[in-house]
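Protein sequences appear in the order of chains A and W. Just so you know, we're using the numbering used here here: the first sequence kicks off at 1 and counts up by one. Just so you know, we're using the numbering used here here: the second sequence kicks off at 189 and counts up by one.
Don't take each hint at face value.
Using 30 angstroms as the maximum straight-line C-alpha spacing, the simulated DSBU-like pairs for lysine-lysine come out as follows [stated by the list, open to error]:
#1 A/13 to W/582
#2 W/778 to W/808
#3 W/1413 to W/1385
#4 W/212 to A/115
#5 W/212 to A/146
#6 W/244 to A/149
Since the hints were made in silico from the structure, they are not lab data. Predicted, not measured: the structure shown is a model, and the values here were computed from it.
Each chain, written out:
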Amino acid sequence: MIKAILVFNNSAKPRLIKFFEYYPEEIQQQIVRETYHLVSKRDENVCNFLEGGSLIGGNDYRLIYRHYATLYFIFCVDSSESELGILDLIQVFVETLDKCFENVCELDLIFHADKVHYILQELCLGGMVLETSMNEIVARIEEQSKLEKQEAGISAAPAKAMTALKEMNLPQKIKDIKLPDLNLNLRF
Amino acid sequence: MAMSTTMDQVVKRAKDSFGQMFDKSLHDLVRGIRNHKDNEAKYINEAIDEIKQELKQDNISMKANAVNKLTYLQMLGYDISWSAFNIIEVMSSNKFTFKRIGYLAASQCFHEGTDVLMLTTNMIRKDLSSSSMYESAVAMSGLSCFINADLARDLANDIMTLMTSTKPYIRKRAVLLLYKVFLNNPDALKPAFPRLKEKLEDPDPGVQAAAVNVICELARRNPKNYLALAPIFFRLMTTSTNNWVLIKIIKLFGALTPLEPRLGKKLIEPLTNLIHSTSAMSLLYECINTVVAVLVSISSGLPNHNASIQLCVQKLRILIEDSDQNLKYLGLLAMSKILQTHPKSVQAHNDLIMQCLDDKDESIRLRALDLLSGMVSKKNLMDIVRKLMIHMDKSEGSHYRDELLSKIIEICSQSDYQHITNFEWYISILVELTRLEGTKHGNLIARQMLDVAVRVESIRPFACNQMAILLANAHVFIIGSSSTTVAEVLYAAAWICGEFCSYLKEPQKTLESILNTKIILFPGHIQSVYYQNILKIITYLIQSSDNDEILAKQLVTMTIDKMSIFLSSGDVEAQERASITLHILKTVLKLIEKSEFNVNELSALFDGVLNPVAAKAQRKVAIPNGLDLDAWINDPPSESEDESVTTDSRHDNSGFFYGKHEENYSSNSYSNETSNYQQPRNYVEPTTDELEKQRESRKQSENMNPFYLKDSKKTKLTQKHETSIDHSNGNESMPSTPDKGTIPANLQISLSDQLYRQSKIDEENRRLKKKSKSDGGSSKKGKKSSKKSDIAAIDENEDDIYPTVQVTRGGELPEGVTESGHEDNDDDIGSGRNKKYDPHRALNIDFNEKPIQATYTPPPSQLKEPSKKLVETPPVSVEKVKKSKKKKTIENQIEPSTSKSKHKRERSDYKDLGSPADDDDKHVLQSAVAAPSPTPAPVSAASPVIEEKPKKKKIKEKKSISKTAIPDANDSASLLLDIMSDDIHPINQSNQQYNEQDSYKLAAQTDNLIIEYLITPNSSTAELDVTFLLKNQTSSIIDHIDIHVIDSMSSKLLNTTSANRISFTTISLFPRSQNYIHIYFAINAISFSQNLKTTLSYTINGSNKNEKDSIEFKLNLPCSQYLRKKPMNSNAFADLMSSGTLTCQSHIDIPLSNQDFVSRIKTICQSYRLTIVEQINAAASLYAETILGQPIAFLLKSTNSQTNISVDGKSTETHFLSNLMEEIKTSLK
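Could you build the full structure based on these sequences and the hints that come with them?
Encoded structure:
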């Protein structure tokens, strides 16, 4: 089981928090901070597994993380999950984000936290892995976006115009997340 | 200020009029937060106020937008639960866009305690069954996060329905969601399980994976109940190509094997194949893990046990050598599991693990460190420790250094220092460890120093002088920060120097360093030891100076001078000791001045030898006669006397005195106390006799007390003197070495290194010496062949090159007690080490998880109904038929009536969880019913003279072949016996087994399957039990076995699943394995033998496709099989013969065929289940009963010709008798 999925940046700002078990908001924030302290002091090129912190976990839980550019992706899982499998799942997740946002960067996650959630919902459900094929997930997400657009229809046009107007002032998006070479341990 | 308010109002009015167009979108909110980094909280609070306004609007899109923003704020740590009702409003929108926003918000902030959830049931139900699969999926995703017991109960059926959806997208979500339903509503598990099991074979791989996922989660919590699914998983494992599924299954098998070792044997081969073939590292790793788990649970008996271990270790080596840190880490992790059981295999890779100590990754270093302790030997200990010491110097981070330190001590001290060959080296290592900055393990080092000094006598001189150096440099320990405990070593140093002061080279200098005034800065317990040992050293000094009064006076005066400052110690204990020491010294001084001082008076204080006491000693102390620990020492005060003292406080006191044993005694003492309260109070002054007795018993108990410092034999004292004199002589002859105390640090570094090098040289020398010796031996071989064997013996033992150091292992035990009994070994840390990774323990942890709890201890009101139904409906026919028999069995074993109900419950458990899907699986159930209580009674089928209803036992055994191996026959493990029953017979049953095997007859045979059968009459009812032994000849799994028998006039197939047909859904035949299945016939006439047309159909699960096949054959039920054993005594037999009821007669002659009469009769008895009633010379009377209860009697006589036996049969059934006789005749020709 996956107990929690956290995404935060190099300065501990949360970008996505998904707990599959209930924690009050302040505990959630503490967990983010604690996890940040655990992973941020680790060098690059060390292994991606960690014993869980005191707030989340217990003996059976481990933190499995990957660090991409400015973002940490952390999965807290118990012993029924394969460590390497989860690493691949993170990779699938990030690749999917990359595909859905066309060269994903931290800003995409900042401004579209809801969409990231919807992508995650295609990936796992209730803490269990649901789908591991990137193409399948991307196809489903696109279909849902279509559905959304249909519903919005013409009524949404002014809103879109407003958004476009606002976007003009937006600083140049920095496409800074680099995907490492895909050394997948699993081939799906 | 006023300006801005009006501005806001203007903006707000503008917003209101333009609707959502000017609403702040999520995008705006995020940007706003980013632009207000300085006062983020203020900005967000304003935003929340705005959101509250927006939520008040009627516009649903505005509300949805507000909720979307709230979801974002929730991520930042803001509580949004106040908006729960608005979230539900948005969820209930009929637009997908808004619905999705609502469900997302709900999944982030709702939880099982959210009270508005009860409003959502119908809405969620509607959404689940929505025609749009995305709406349904959104609902399921949300529900999985906030489902509670009520929702789980109310929506379970809807989710079950979704499992049958045509869309895999929906099905797989429903399957996963079901697990959450089980967690919140355990009652749902039983009815849902069959459908869940079906999903294991869903055509869509995603759904299949989801089902595997859920069942693995369930099984992880309580693996025992899912053993029955092993064959299905086994098939999936050999057929699936989805690595996710494979990993899950293989992990699950790792959990199941400890419960069922036979499963492990099956797994080795396919897993090994996977290890060889897979390119996915994650799969490879899980395979290795499970193989290791298998090999741990089956310690021996596997043909290629070693090969498997070797394979695993080799593959792990590849992982560890990989540049990927993750693989390295996991490789080491798995290696440590192998180390637990196969240390040798891991030791071979010493080099690799040493390399990992250099890794830049701390977690990898720690893993490697874990491995090291299992790998040390006499040969490599010094190298390993040296390497670790070097690491310690290099490494940063006190955590890792502390870890290193404790590891060094652990590997050196393990199993009573068995790997240490050079204790001088070890002491110097310990001393070096004290220089470690900021260590938390000062205590650990101190304990080691004490332990080594006490246990290893030969090291004391060296240890003493090293400790003296430490004491001389005590000031360095003061500087250390408050977090370090390294000063603790002074405790050990002071004690060792004091206790073994005769070994000190310069005792006076040591005394001076002990008298250092700075010690008052150390913790109290260290000071105490200091003061105590001052006296010891002074005593020794005076003693060794032959009572030189001048010296004595000088010493004592100096000490008294210095000691007065210690009286101001802040610690009470230290102060008290200082005071005592000081006053003793003052008395001594007085005596010296009066010239009345005798040093022996002083030395008497420290007489005797302190020996190590075994850890178990306290428990082994026998309670002396007459000592009643529960009795009051003084009479209890009456209640009236001190009402203020509550009983509670007295209990506390007793707890204090009982110490550790409180738990054991408390219950007794409590009850005794209360009873003593009632006793009258009679306190009497003890008489002198009584006092004498008490004194006597006290002496006795002192003798028995290992902690009491005995005033023991004088010999020990003289010994001590001798050694001390020896040593002081040695001291004189040897000019004192330069003072090490002045340059401790540098010298100490080189000390352990020096010793290390020295011992390496020694080792090499010894090796060379030995070699030359053996070379010499071989050159002399021709002349002196007698020596050859000796030399060879030396050569064999590498350990010989290491000096043996006497170590006092264990410790003293009370007299008359031996270090026997492993009964309390569990407490020993040493033996506990191996248990640390016991997989059983890991599995048992979660036994109280919700779903399992419910199935084991169902809440009486809720679960009664379903469980009752499940127990009673399917086996009803079975129980009816078997009733009488079962009852009999129970009586037979004199079981208390409660056990019956217990069995019943167990059976229901097993039924519910083992195979809830198979309501039609009566056969398995039946065999469980048939043997409600397994009493392993190895009945030799060869001996017919068994009195105690042997027939019944035999039947029972056949039905539960090899069940005896398992303590509980109703255990689901017995089910597995039927599933995979080759090579599973316990050894003690093997003889029995052969007899059984022998009597199986071939029924039919094809290329795929061999069918053999054995008929056993029921011991009490008119039934035959036909056991088929199916041997799978293919390399695929065979299942879906189905038997169809056409009933005849006199026989009827029982327990059919459909007309004349029984399906064995739970039975799978593994490649090249065999299995038993049972069918039962009710017999209503026995006159003629029968040939029943039988069809056995089955499915071969080939790699590409499943192939259905069937075998048709005649099942022969001969007359002889209608007989059952019935012992009868000769009187009853005579009565029967004379009663004239046996009207039918028949006669045949059978050949003796080179056997003697007695053995011939035995074979006949065995083949036809006859019992010998009486045997006289060459005649015997035999008896049996038909399964309809008719008597059959035979008289066998050896005829004159000596080649034939004449057989006369009598019965009430003419046809049966003649057919039986005919059968006997033809078979024995």
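Among all the numbered hints in the text so far, which are the ones the structure does not match? Hints 1, 2 not satisfied by this model.
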